[in-house]
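Take the sequences, apply the hints, and build the full model.
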Amino acid sequence: MRALDPKLLQYARATRAFLFVSVSLGVLSALLIVSQAWLLADVVSSAFVGGKGLSQLRGPLVLLLLVVLARAVAAWGAELAASRSSALAKSQLRGALVERIAGLGLDSSRKERTGELAILASRGIDALDGYFSLYLPQLFLAVIVPLVVLAAVVSKDWISAAIIAVTIPLIPLFMALVGASTRERMDQQFRTLERLAGHFLDVVAGLGTLKVFGRAKAQAASIREITERYRATAMSTLRITFLSSLILELVATISVALVAVAIGLRLLDGNLGLRAALFVLVLAPEAYQPLRQLGANYHASAEGVAAAGQVFAVLEQPLPPRGTVTQVPDPAVTGLAIDDLTVIYPGRPEPALDGVSFTVEAGEVLAIVGPSGCGKSTLLSVLLGLVTPERGSVHVGEADLADLDMEAWRTQLSWVPQRPHLFAASISENVRLGRSDASPEEVRVAISAAGLTDAVANLPEGVETQLGDRGAGLSAGERQRVALARAFLRNSPLLLLDEPTASLDGQTEDEVLEAVRRLSQGRTVVLVSHRPALLALADRVLSLAPVEVAA
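Heads up, the final residue of the sequence shown is numbered 541 in my numbering, and it's a clean run with no missing numbers.
It is worth saying that the hints were derived from the structure and are not from the lab. A virtual CB, placed ideally from N, CA and C, is assigned to each residue, including glycine. You can take every hint at face value.
The calculated label-pair distances, taken between Cβ atoms and stated as ranges, are:
1) 323 / 213: 51 to 59 Å
2) 112 / 156: 41 to 49 Å
3) 443 / 305: 42 to 50 Å
4) 378 / 526: 32 to 40 Å
5) 452 / 347: 44 to 52 Å
6) 214 / 360: 42 to 50 Å
7) 263 / 302: 52 to 60 Å
This is the structure we're talking about:
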């Protein structure tokens, strides 16, 4: 790890004021240390050599107490400023990471799994707290405080100052020697943690399937193996940390001992006064303390800096090209024109879409059919602006979709996927995903239009009933109708439906079909389905199946 990582300092720039306050209070603490050492040396020498009593030393003792209190206040203020700086920097870094992940969209070439990204955005960035609140302020103090102490010592005893000046560089030298090994171990440890998180999330998500096929125990053994590897890596890192701390403490202790021996010999010879000797002895450990603390903070921040490398790898991935035109034509008036649309996913031999061309008239309900893998869902992803085509175009009236601002474009559409994602929130909050500023009455009307009123009425708290993860507490049909309620509430001119009746029984399918029929009125609709009942709602059916040419 570099002493000052330029990329991390970019995010510390916004926290410059807090960092300046923290360092300034640290410098003030260094000056107070010098004052405290001088007052303490003066009181002790006056009492033992000058023969002064308690009443005569009352003034210096009060000053000494005030200096000690001032040091405590300065240390508290510096710690508070450093914590605020760290919180702001982490917030900005986490925001940048989430924004970049959202901007990258559905890119199948990305290698990060959901669990790895979750660990990166949470535990990984939180581990940077040590860098911004401890290591970074201490790095400046490790330069400033020893210089202040040396300046004070050299005014009283140049020999002690020379010993300190020669031995202080040994501490950063040993820090550099152990730093490379620590960085390598921390990188390995964080990569193992990411792998463990990603694997564990996959296992939990597919636990039912694993149990049915008798593979649950094998996966448990795999998790146990990765966990053991993480434990071994963590213990190895701790061993290096403890050994390096021991080395730093040993170097500092020996250096202070050299100063003490030199002062003791000159005291015996009468070449140094007691006040100056005590002053130097009290200050000598303070010259090494910032560097010793820097070494400890280095290890505290190493995991965060290792995670930061992974964060920057995501932040440096180029964003797909995005349009800037915010004036979006109304798809219900202009319709859509798809021309030679081709999508190729990296690492796949065949294109997901290959030269697809068709039109969707304004107000038309177009059904897309075809075998699995022919590109139906990919087509919807292109229309949603989640996938960038290799070539070809999508036109909304005269406007090219590639030129449109995606946020503005998405306000013109509603999407009902095959498996809608419901969050661990109330039903009303999940419906409001379609429009966050909707009133309770508007939410009620949307729920009624989606045919969800009776189901909601049977719940203990109605629309305020809290759902579990992925809509736990509702049936598959009820979850589908919540997604339809979102679309009703959003009331957009373009409606995209991806197998909205898949995996539903006959009665539930009829209820969802009736809701889809109401939702389709007055809108341009593109739906993907194999179900005959849903295809009956379409004005036209388009097949994406490849045309076989006779030999």
